[in-house]
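Trainee: So the protein lines, in turn, are chains A and L. Using the numbering used here, the first residue of the first sequence is number 1, and each one after it goes up by one. Using the numbering used here, the first residue of the second sequence is number 1, and each one after it goes up by one.
Don't read these hints as lab results, they were simulated from the structure. Hints should not be assumed to be uniformly reliable.
What the hints assert, rightly or not - In silico DSS-like pairs for lysine-lysine, Cα to Cα no more than 27 Å straight-line:
hint: 1; chain 1: A; residue 1: 293; chain 2: A; residue 2: 281
hint: 2; chain 1: A; residue 1: 229; chain 2: L; residue 2: 116
hint: 3; chain 1: A; residue 1: 153; chain 2: L; residue 2: 153
Number of protein chains: 2
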Amino acid sequence: MTERILALQPLTTEQRERLAKANVEIVDAADWKSAEPITVIFGWDPEVGPAALMAPNNQVRWIQTTSAGIDYLPLDWIRAHDIAVTNASGAFSPAIAESTIGYLLYFLRGFNEAVKNQAGHFWQRPLRSDLAMIGSQTIVIYGTGSIGQAIAKLLNGFGNQPIGVNRTGHDVPGFQSAVSLDDDSSVIKDADIIINAMPATTKTVGYFNERFFKQLDGLRIFVNVGRGKSVDEKALMNALLYQNVLHVALDVFETEPLPKTSRLWDYPNVLITPHQTGFAKDDEKPIFDMFMKNLQGWLADGKLTVNVTNPTQGY
Amino acid sequence: MTERILALQPLTTEQRERLAKANVEIVDAADWKSAEPITVIFGWDPEVGPAALMAPNNQVRWIQTTSAGIDYLPLDWIRAHDIAVTNASGAFSPAIAESTIGYLLYFLRGFNEAVKNQAGHFWQRPLRSDLAMIGSQTIVIYGTGSIGQAIAKLLNGFGNQPIGVNRTGHDVPGFQSAVSLDDDSSVIKDADIIINAMPATTKTVGYFNERFFKQLDGLRIFVNVGRGKSVDEKALMNALLYQNVLHVALDVFETEPLPKTSRLWDYPNVLITPHQTGFAKDDEKPIFDMFMKNLQGWLADGKLTVNVTNPTQGY
């Protein structure tokens with residue numbers, strides 16, 4: 001049977017040609033109903049995705065996402081029907097890591113104040129002691145997977161060896177050491193900067209809550225480039241109010257788009273970017289390459305090799 | 001004769017003790033008139049400095065600055081009286097380099113737009129193709145001395161090998177290649193980013209002028225962390241208007257403080273920081289160490305070894 005791939009991700013002409021050579025059928029989002037049954041989904045769409053996946057005569061056996069996280073997929077259905085999910089983990093990590101370094105420098109090098117002063121034509125030099133360098137910061141990174149490692153690699157270039165937090169506390173290249181999620185209180189008290197780069201799982205949702213932030217006393221910077229649901233935003237705003245945390249950079253949120261009424265927009269020491277840290281010109285290329293590599297294995301012997309996720313763990 | 005050091009730079013108690021042990025006299029700014037003759041000046045002050053230097057019975061033979069540039073000193077007088085000048089070159093370079101990477105990421109990662117959108121509670125994701133990564137940029141750095149090399153070293157950590165511009169076009173570690181100032185048109189046409197890190201000299205004052213900017217067509221980012229007088233600000237504003245240059249980050253200006261009436265403050269694609277890129281907590285420490293090392297040589301045999309400048313060249 002010819003595989004019928006529902007493309008919920010725009011394809012270039014060149015990519016369509018590469019797929020045609022592999023003898024698969026490409027079904028665009030608008031045509032999915034007349035093209036049933038679908039066997040593979042590439043990309044996702046919050047309306048077409050579930051409709052095609054759960055259509056009575058669907059034959060979907062594999063979903064290739066274009067994202068690192070898979071928590072927005074109907075995982076219960078996927079588990080119940082034993083559908084394989086491969087993600088794009090790693091494709092965005094270098095871009096996310098660059099954005100993360102940018103967040104740190106934005107605050108450490110005083111750009112946050114400079115931007116405000118510029119608006120008022122106000123020449124206000126900071127104290128030397130107000131500014132700092134990456135090398136001298138104690139940085140703790142939650143999540144030592146593809147994103148965490150990409151951040152650590154860039155930090156190493158600034159002479160910084162971060163501390164990692166992961167499930168078991170196992171050592172990871174680029175990190176001076178690592179502790180398990182259960183032992184993190186031993187390292188966060190001395191931290192200047194905490195970065196969340198964890199996937200959303202049952203263990204990480206809501207992890208950065210009131211209990212967590214109350215352990216901190218004037219943390220210089222908190223960054224979330226992982227998943228929005230890992231951070232209790234109300235608790236974070238209180239932590240800013242009571243100066244458990246002094247500066248915050250967020251790319252992901254409990255609800256996206258971040259509602260216009262959210263008070264987060266107005267906090268003077270919060271930098272908000274609209275889920276864009278992973279963006280970069282031409283970043284679709286590595287994702288399509290991942291898909292093609294998986295497709296070749298899938299067509300040859302039904303085996304997926306790149307970024308095969310475990311829908312039960314959620315990543 | 002005991003050396004009388006006029007301290008125009010605040011000294012810590014520990015630093016005063018170190019100087020006392022070296023058997024020199026410390027004269028604070030307020031006391032200089034009653035403490036003449038001064039033989040050494042540490043730091044500078046636009047009023048006390050020239051007054052003490054040119055006092056009738058002065059015996060100043062050496063000035064140790066706490067800055068990298070020396071162009072604000074009365075160089076004609078210094079040359080005529082054969083006074084040695086040592087600067088603090090290198091002490092600020094790592095901090096300046098971190099700020100420079102921060103500028104690049106501010107624009108490449110779309111923070112400039114995010115900051116504006118945040119003020120209006122506006123969730124506006126950029127196009128993937130609007131954002132870019134440091135690794136893929138063609139970067140030209142004017143000045144391959146201490147600052148330029150520190151920037152190149154950090155860029156290398158992002159997988160970027162910049163092109164250098166210096167007096168003779170000689171190779172420098174961290175740079176893929178270098179050209180001479182006279183040959184720079186061969187490299188700037190292909191540049192995405194141009195960074196000025198040159199000292200102010202007769203060759204560099206006004207170097208980035210209308211003739212220079214007209215060679216560019218949509219340069220992504222222009223950065224000045226060198227000297228303000230190297231950039232013709234009027235020409236730069238025209239270059240922004242005609243999109244020879246798209247984004248600009250400036251830490252130094254023709255006139256400092258930048259006048260309230262300058263139109264530069266209001267350009268939407270210009271980031272202005274008030275001559276602070278070199279600031280970092282504890283950055284006075286390496287400067288005082290430079291001074292002490294020079295003082296030891298000065299007391300032993302009248303020889304200065306660290307950062308001896310050539311007041312005729314101006315750096």
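Trainee: Each of the hints needs a verdict: does it hold here or not?
Mentor: Hints, verified against the model:
In summary, the hint linking residue 293/A to residue 281/A is supported, as the alpha carbons are separated by about 22 Å, within the 27 Å threshold. Simply put, residue 229/A and residue 116/L have alpha-carbon atoms about 25 Å apart, close enough for the 27 Å limit, and the pair holds. Straight-line distance between C-alpha atoms of residue 153/A and residue 153/L comes to about 14 Å, which keeps the hinted pair within the 27 Å bound.
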